[in-house]
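Undergrad: Per the numbering used here, the very first residue in the sequence shown carries number -19; after that it's consecutive.
Simulated from the structure, these hints should not be mistaken for lab results.
Only a predicted model underlies this, so the values are computations on that prediction, with no experimental measurement involved.
Backbone N, C-alpha and C define an ideal beta-carbon position, used for all residues, glycine too.
No incorrect hints appear here.
Pairwise CB distance ranges, derived in the manner of DEER restraints: (1) Gly102 / Ala44: 20 to 30 Å; (2) Pro201 / Ala35: 17 to 27 Å; (3) Ala81 / Thr137: 34 to 44 Å; (4) Val140 / Ile76: 34 to 44 Å.
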Amino acid sequence: MKIKYPTRWLSRCAVTLAITLLLPSLAHAVAYIRGATPPWGQSTNEAAMDTVFGAGGWDDLRMADGPAPFLPGSGHAFIFLEGSDGTALELDAYLIANRAAIEAFVSAGGHLLLNSAPNQGGNIDFGFGGVTLINNTFTDNVVAANPLHPVFIGPYTPIVTAYTGGSFGHATVSGGGLSPIIIGAVGDPSAGLTVLGEKVFGSGLVLLGGMTINNFHNPQPEAANLRANIIAHAATGAVAPPTVAASVPALSHGALVLMAGLIAFLALAGLRSRTAS
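Construct the entire structure; sequences and hints are all you get.
TA: The following block contains the structure:
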């Protein structure tokens, strides 16, 4: 029996609903950690964080401050750890010093986006069961490994599944059982290699990549929307089901109405599909 995948429109509805319900619960539980200087002197990562969480809705931190954001009791549920350009060596040292705390954070249910497009140093041990950032594997043309992955659906649109850049990535990631999200396109020197991947680790989710910042990417505004979608997915993406004792967040009346409407629509669509067959 052939599997019928959901249409892109239905997928977008589901992704938008999930993020609409989950992002408010992450208020003041989100952090962006970078090195001493912003990658390439730009603030596009900060702009993407503002897009997803709102200005003032996240903590702007530095690696020099230590591992505190990853420690129990920090209150953080999602962290974007960035070490591109001239801060790759700083990231490498930070990971070596704090790997146990970072992996424990994700294993306990935290969500992490770990990214580095180096302009210095060599390969970096990203951890998480053997993931390596392979430096100097540049990509100028990339595509979606799966066009129906949530980052290519929404909630921020317009969005496409193929991008160019000068460069889009300075590194690729390999090992550790990663599921690819973005890969080098056919004809690119790094064709088929993973520029962004993800894996469930313990009770949490980690995305790992070698992407440059999105002002180097085209087309726009699709590339900026892709970065925002990556952050949103990293923060709210599905992981293993919670235990019976896990608390369930309360939903607003409006959210319940929206969910009920979506469930009814999907049920009707399924009924029509069975009738047609």
